[in-house]
Structures are given as structure tokens and as C-alpha cells.
Amino acid sequence: MTAATPYTPPQKEIRFVLDHLAGMADVAALPGFEDASPDMVDSILGEAAKIAENVLAPLNRIGDIQGAKLGTDGVAHTAEGWGVAWQALVEGGWNGLPFDPAHGGMGLPNLLNTAVQEMWHSANMAFALCPMLTQGAVNAVQLYGSEALKDLYLPRMISGEWTGTMNITEPQAGSDLAATRSRAVPNGDHYLVTGQKIFITYGDHDLTENIVHLVLARLPDAPAGVKGISLFVVPKFLVEPDGSLGARNQVKCVSLEHKLGIHGSPTAVLSFGDEGGAAGFLVGEPNRGLEYMFTMMNHARLNVAMQGLAIAERAYQQALAYARDRVQGKPLGWSEGQSKGIVNHPDVRRLLMGMKARIEAMRGILYTAAAAVDVAHHHADEAARDRAALLVDLLTPIAKGWCTETGQQLASDSVQVHGGMGFIEETGAAQHLRDARITTIYEGTTAIQANDLINRKILRDGGVTANRLLDEIAALGGELSGHADDALRVTGAELVSAVHEARQAIAWVLTAAKQDPRLPAAASVTLLELMGVVAGGWQLARAAKVAVGRLAEGDADTAFLSAKPLTAHFYATHVLPKAAALRATVINGSASVMALSEEQLFGAA
Amino acid sequence: MPILILADHDNASLKPATAHTVTAATKLGTDIHVLVAGRGATPAAEEAAKLAGVAKVLLADDASYEHALAEPVAALLVSLAPGYSHILAAATSVGKNVLPRVAALLDVAMISEITAVVSADSFERPIYAGNAIATVQSADPVKIVTIRTTAFEAAAAGNCAAVESVTTPAAPGPSSFVSAELTKSERPELTAARIVISGGRGMQSGENFPLLEALADKLGAAVGASRAAVDAGFVPNDYQVGQTGKIVAPELYIAVGISGAIQHLAGMKDSKVIVAINKDEEAPIFQVADYGLVADLFKALPELQQAV
Amino acid sequence: MKILCAVKRVVDYNVKIRVKTDQSGVETSNVKFSMNPFDEIAVEEAVRLKEAGAATEIVVVSIGPAQAQETLRTALAMGADRAILVQTDGATEPLAVAKVLKALVEKEAPGMVILGKQAIDDDCNQTGQMLAALLGWAQGTFASKVVAGDGKVAVTREIDGGLEVVSLTLPAVVTADLRLNEPRYASLPNIMKAKKKPLETVTPDALGVDVTPRLKTLKVAEPPKREAGIKVPDVAVLVDKLKNEARVI
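Protein chains in written order, with UniProt numbering: chain L, 1 to 605; chain B, 1 to 308; chain Z, 1 to 249.
In case anyone wonders, no lab produced these hints; they're calculated from the structure.
Some chain Z residues flagged as far from chain L (calculated, every beta-carbon gap over 12 Å):
| no. | residue |
| --- | --- |
| 1 | V26 |
| 2 | E57 |
| 3 | R82 |
| 4 | E106 |
| 5 | A109 |
| 6 | D210 |
| 7 | T212 |
| 8 | P223 |
Under the rule of at most 25 Å between Cα atoms (straight-line distance), these lysine-lysine pairs were calculated in the DSS-like manner:
| no. | chain 1 | residue 1 | chain 2 | residue 2 |
| --- | --- | --- | --- | --- |
| 9 | B | K50 | B | K27 |
| 10 | B | K299 | Z | K243 |
| 11 | Z | K152 | Z | K102 |
| 12 | L | K340 | Z | K20 |
| 13 | Z | K243 | B | K269 |
| 14 | B | K27 | B | K56 |
| 15 | L | K50 | Z | K193 |
| 16 | Z | K152 | Z | K2 |
| 17 | L | K330 | Z | K231 |
| 18 | B | K218 | Z | K243 |
| 19 | B | K272 | B | K218 |
| 20 | B | K279 | B | K299 |
| 21 | B | K272 | B | K27 |
| 22 | B | K279 | Z | K231 |
| 23 | L | K12 | Z | K16 |
We put the beta carbon where it would ideally sit given N, CA and C, even for glycine.
Model the full structure from these sequences, guided by the hints.
Okay, structure coming up:
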């Protein structure tokens, strides 16, 4: 057995972002969140950090090596120790953190849940998928299920006694859900569901006695396409009215996928209704399943975006530790008193700074979005709710696309810091890269996010929401570009330039869409990256401004706070300048994407 | 004023820790008295009388002192305290148990586990698991001090001090001895051995410890363990070397399959020569080892046993 | 039986200690603090005794700055019933802490006091013994097992030669060693409930205790560093070095 790499939850960074970028105090002031006082937040983060560090992180490598295995008993068995870890989350009541106390939840903000989820995912992403999916399933039932369905399922899903899944994909229906074939036929008080679903995360496992599947299927009279899909609860074991478990339902785990990464997470092929039909219970109204699923999926997209951040943080910690210990030659300009590790070689430092800056940028974006989710749901004022909802809608595809692509890049950079040792599995750096690879694919690929960004978030309102955000960022940039602090001044100026590039790109999209819809589509992922680069710069600039302000007020934590403007400065000079190139690609490069004919692409062999 | 040392012994013999404490006392003064409180402890008292530098041995022989329970022993020391400038004991499980009780009863501060005597009222002691060394000064009329035995050489034998009986005020205390489960071993005691060989989690199970023991027997060494090995149940708690276990500083310390947690390093880093055998070349133990061998311990140990 | 637990807020055991350049102490600003690990074990033991029906109430006490409230909340989240903060900003020596605890024991009249065997900052290993002395109670230090009986408690102690069992007449003081138990993680509902549990703040003055330090710290220095040596290729070279270079075998 190779040694597990340790994970130390970055509680101080998390706390800084919660308080100063996401506005934890404002969120705690929302109706219903009175319990989320600063000392409570400290206690909760502290205990979650212990679990992440001591319970979940040590299982990360074990999960990767052992994987989940389908037993001869037809049950997917998780790796050694995972059952105990799951029990720790259940006994700790952690699954219920953001949910309604009426069903056993703790009624705490989504923002706080986000911080806890970050730690779970950094500690063990393959494991953390299970609570993440379960929380998603709880959201769906809570928002759209009948009272009877809620009473029967929610308490045990919220406690974590049962887990939940999302059954969307079918072999022929991946990104295109119009091709969904699974069927549901009315049968008395329930439906009989038949069909096959693939890529079902934690579709089967041995962590709990029951699993609640949320399944998309068509009713017999349903219209064709995406408007004819309904959502059903299909439990692994039927649930009696008193809540006890009844007969085994017709849900069979046919196989588990062999994957590039997240080996510890069982990815199941599920067959429904092999002997006539699995009992399913309609969630909400018929034919509105996709709409319901999308509510969940938007939330899930932010969660997957979080995985991008989380895996990058874990990979960064590992790279940092290695860079300090590993000695190779004398670093340029090395002086007595510095460590001799490769951390003092300028290019290794460049890699590490690139990781650190982007991680802080991602954390700023994701926590800001998470706070906006709370405001959108809980603010007393409707206008404030709507504003927050628009921000969430806009940030979701940017966060999902940019944070997962960046997470992957940083996991790769971590391998690079390790040199040859990084390519060797025993070191553990490679696992993060393999695990990160799925994040740009599931819950909508980067291209799907980019399409969403262009079509629903930019073209639909003529770029109003996007430009409003850019106005805010430009205002901050303008303010900082006149600041006395050098790092802030450069950051402000670069931010203003980057916003200018983004505005031009958006203006082009609005025009080009009228000429040929393929033009913005071909530029969409590039535009998403441009928006991600700008949003990241926005968050680092905010952090730097806060830190410089606190230092001026005499805050003694100088090492931590003075790093903020320097980190923003690094980002402003290494990442923000990419905005100009990305703009040029969006505007000038789009036509060339489709310029070759299909024949030319395949070549005249 | 004279200095009083509480001896560490098992009635039948004196523990080596006492000889180290005597050396610490010689840095404070010349009139050194050693108290042996026990039952049938004359042999231990006679051994104490042989230690160079000891002026007088006080023997308190009573059933109540047989197991060195803190309550009666502390009461005895308090009754003897007037007239002494310092009361010393080794920082063993007896000294650590008894002396704070004495200090509180005398309403004075106590100075734990000193590693150096700066002057009659100032001492160096490690804090934060040995990551810092504090120099502290006491203004109290009597200084109550435990000493880290590895920081002071053992006093030589060859003396012949007088053994005096002291009247004992023993009254039945609120505690009583029930039983003890002492590890029996023919090998030298960990804290007194010239060579110590310790095993860690890398030993994989207690059944593999005989590999270490065979080598230890050939070298006349004591056998220790890391906290991880003790927590995993490979060996009993009294094998533990480390901040919360025993502090050792032998001529030669051989760490086998021990990664080198700070906690463990705090207990052995003052050893003269450190050898580390570990298959993980990144293990922190190598950062303090004079000689590091990256190897599978299950191959290296038998080879080593052949070669020495 | 009521149990009193004393807990100390200390620099977290994971923090790498840095000695201040002026040698006045170690750097404690902007470092993470948490409950002394041995005290955490003590609280866990008290909670287990309560769960087993041997105790009825757990009062947890900390002597320290206002931030020690967080440490007390942690203990409350683990299962203690109420908390007392004896607020003082200066350094506290074990004798002063023992006197404060004695004053509280006289008010609260617990049947047992459980605390960690030592704090991982000053590494004194004195407070429990001193408290027992001041109260004239029995002490069971370095406990690896605690069995509460009728009017007595059997404590298994970790001693240099192995283990020893002593029987203490209650009330008594027990100090926790590492292997007494493995502390639980506080559950989310209990963390939230802890906020609503009573936490009283008093001062040493109000308890009539003078906590002025008796010892003077002259300086705090870095320990001597040990340099890494060499790697040897095999057992034969190792033995040769030990025999002919280090001359230790």
C-alpha cells in the first residue's frame, strides 16, 4: 500500500472568502438563517474539517486502488472503510445541513453547505459524489414531490439513511435527452417503469439499505422530444406506508463501468422493470420532468464546478509539499535561510502561483454564486431575489465550465511539479488528474455550458445581464487602477482591459448570431473561458481590496493579508492578459472552425 | 541548604533514573539527600547510598509507600520539605505523579522536565513537544523540579553515604493499589539502554517484533516502538518512545519502519547516533538520521542480525 | 454524579511552532488554536460515563481568554451540559489553574474531575495532580481506563513499566492519557444545540484566586537542529559505518 497523501482543509482561506467575498454575514441575516452566526460557522467548519481530514481523505487512495466492485450478489461493493465513513456522515447529521428542519434538516445556508462540500470533495471526490447526488435528489423531491412523497422519503434521505441518484442518461440519450426511451405506464396508484439507464453515479452500493432513484421516463401518451419526459421516484426497495422497507423493486445493477478516474464511485448501468416494470411514483406533474431535472441540474452544475476547485486544492497541497521537500540543484539566486527545495526554482514557483491564484479565483466565484443562491431563495425582497437569481443563472455555466477546465489544468500542473514522480501512480498526484478528468464532462460538458451561456444567458436578453456584471467588474477595476498600492493598481488596470475585451466579444456574439448561429456556437467555449478569466480576476481583485483595507486598519495578520494583492497581481499579469487573445479568437477565429469541409477534415487518403 | 531527591525504585533495586537526577542535583549544590520511600526498600536505599555525590539517604519504610502512591509519598515529602532548597525527581511516571502534588501542597510553582540547570533558580525545559526551549526562573523558597534523565549523565557508583530512617506520618489515603501488569523483559530498560531499536507501523504486526528482538539481543539493546505501533496494538504502551511516551537518548537509536512523526522525533532526537530503516525514501525520519537505509525492513533486519 | 472537565485552548497540534525572534515566546498570533488533545479525551470519557449512566451532568471549564469560549462550545457539542469560562488574558500556570478549579469544585461539588494529563503547549503535566492536592482528593493520573463504581473509581494508569490499576475513593481527580478513548466527532445537531447550552463567564478575582505567574520566563529559544546524515546503499555499508565511523557497535 502506498501512503495516502494528507489533506489539510484550508479553513482560513475558506473563512476569508465566506466573510469578505460571499458575505456570510448578509446571508446569516436572511430570514430563517439566524443560526448561522459567526461562532456557529466556525464550529461547523472546524468539525467538518476534522472529518474531511481524518475520515474521508485517508480513504481517497484506497478507493482509487480498490475501486467499487459488482459482487456475485448483484450488489455494488464500495472500497474498504467507505461504509464506516458514510456512517460518520449520517451520525453527524451532515447530509441534512441545508435542508428544511420540517423533514429533519438543519436549515443552514447553501453557502455554508458549499464550504463543507468543498472539504468533502477535496478530501475524497469519489466518495463526496454520494452525498452530493443525495442532496440533489432531496432538492428534487422537496421542490416538486407531493406531500405524501416528501413525508415518506425525505426524512431518511436527509438523514442519509438512504441515498439518492439521478437517472438521466441512456445509451442513445446523452447530451440529447429528447432521445430518452425509458417508459412509465400507469398502474393503479403508481407507474410501471421500464428501460435502461447508464452512467448512474452511486446507482448501486452497499452503504445504505435503500437507494432512491429519480428516473426520467416517458408516459404512453407523452409528446415527442424533451417536452414529453416525466420524473419518477423509483426506490431500490419499496417503502411501506409506515416507512419500513418492503419488497425489492425491479431495479437491477447490470454492471459497473471501468473508468479513467473516480474509481471509488460506483458508476452503474441500471435496468428497470426486467419482469414487467419497476414501481415508480410520479414527481410533480406529467411531462415536466426535464424542467424539474434542470432545477436540480443547475444546482448540481455548481457542485461539479466545486469539484474543479476541490480537486485543484488537493493537487495544489500535494504539489506544494513535494516542492518543498524535493531538492534538485541549487535554485537561481538561492540565499542562505531559504529552503533548498525545488519550490525556489522560478518555474516551479510559477506553476505553484498559477495554481494558488486560480484556486482563490475559483473559490471566490463559487462562494459568491452559492451566496446568491441563498439570496435568490430567501431574501424578503422580490427584486433582490430576482437580481440574485439572474446572477446565479449567469455564473452557473461560467463556473461549471471554467472551474472544471481549470481544475483539470491545475491537477495536470501538480503532476508537472512532481516531474517524473508525478507520472508514477504511487505518488498520488496522478490520481487527482484522472479524477478531475470527468468534471468537464458530467452534468453537461463544457460545450453544453458554453451553449447555455451564449443562448440562454447572453442572446436571450441581448447581453443585458452579462454586461451588467461586466459594468460592476469594470467599476471595481477603475477604482483600483487609481489606488496607491502598486499591486492593486496593476490589478485594476488589467481588469479594466479584460472587461473591455469581454464586452467586445459579447457584442460580436450578439451580431454574429443574427448572421449564422454556427458562428457563436464555434466561439462559445472560448467566450466561456474569457468570461471565466474575467470573473476570476474580479474575485481576486475584490479579495485584494479587502485585504489591503484590513491591513490599513491595522489587522496584524500581515503574512496572510499581504499575500492577497500579490496573488491578484500575479493573476493580473499572467491570466488576465489572455482575455485579449481569447477575444481575438472569438471574433476572428470562429469562421475558421467550420471552414474545412467534412471531406477535407477526413483527408483525401 | 541541602537538596532532596525522590528516588525511583521498585523496593528491591534503584532505578537508573535516580542516578541521572543526582547529577542534576550536583549542579545545584553539594549537600544531596535521597529519599527512598517504599516497603522493604533497604536494598534500594543501599544502592542510592553508593551514588557519587549523595551525602545522605533517607529511608521511609512503610506499607503505605510500597507502590509509590502519590498521596502518601507527597505527604511524606511535604513533611520533609522544610530546610531543603530544592526537591528533585526524575520525570518518570512516579516523579511526574508525585511532585506536582508536593508543589501544590507547598503552594509553590513546579518546573517540569528540565534539560539543563542554568543556575540555582533558573532552568531550561522543552515546551511545545520540544519545538522550543524555555528558560524559566523561580522565586519560590523551595524549587520543585523534575528532570529529563536523558539530559544528564548518570552519577557514578562508589560512594558510601549514610542511610537514615525517617519517621513516617503515613495515614490511610484516599487511594489504594489494586494490581500491576508490568512488562517482563530480560533486555535493558528503554531509558537506560545504550542502544535502542524501535519498530513502527511498518512492522505490520506484533508478530514481526521478534525480528527486532533478535537483533536487540545480539546488540544488548532495548526494544521500543512508535505511537502508531502501540496504538495498533503491536506492543504494550510502555514500549512507546515519543513525546507522550518515553524520552530516550541512547548512543545508538535504530528506527525501523518508523515514518518519523514529530511526536516520535521529540522522544529520540537527542540520541547520539540515529539509524533509520524505511522503504519510503521520503519518510521524515531520514531528515534526522545519521545513517539512512532505504530498504524493505523484512529483508534488512535478518541481514543486519547476521552482519553485526 | 456530576463530572467537572477542564479544557485548555492551545495552539493546534498541527501548527509548526515558530519561536519569536526576540525570544520572548512562540508566535501565537494568527495561528490555529484548538482544544488540547488530552482534554478532548477527558471530555469524551466524561460523556461516555454519562452515556453509561455513571454520571448525570458534565460541567466543562476553561481558564483563558475570551476565545476559549470556542473551545468550551466544542466540549458542549461533544456532550457536556454547561460551561464556565474563567476569563483571564495572561499566561496561566498550572498552580493558578488548579486553584481556580478548586474554587469551582467547591461551588459545583462534582464527584469527579477529569482533565488531560498535560497541555501540549507548556507540556507541564501538573494541573490534575495539583488540584487533587489542594482538594485533598485521590488522583488517578495517566489513565488508560476508567471504571466508575459505587463510591470508588478504578483507574488503569500507564506507567513506565506497563500498567497499574489503582482504586480511588470518590470524589477524585483523573487525568487522561492517549489511549483512554478516541474522541468522537461532534454531530451537526449537537454543534447547533451547543450554542443554546449555558456558558457562564467569571473572573479569577470573583473566585478569589490570584493567577499571577510565579515563574519568570527568561527566554524561549529554538532547539538545536539536527542535520540529516547520509543514505547508505545496503546493510553491509551500514554496519561498517556503525563500527568504524560512528563506533557505536
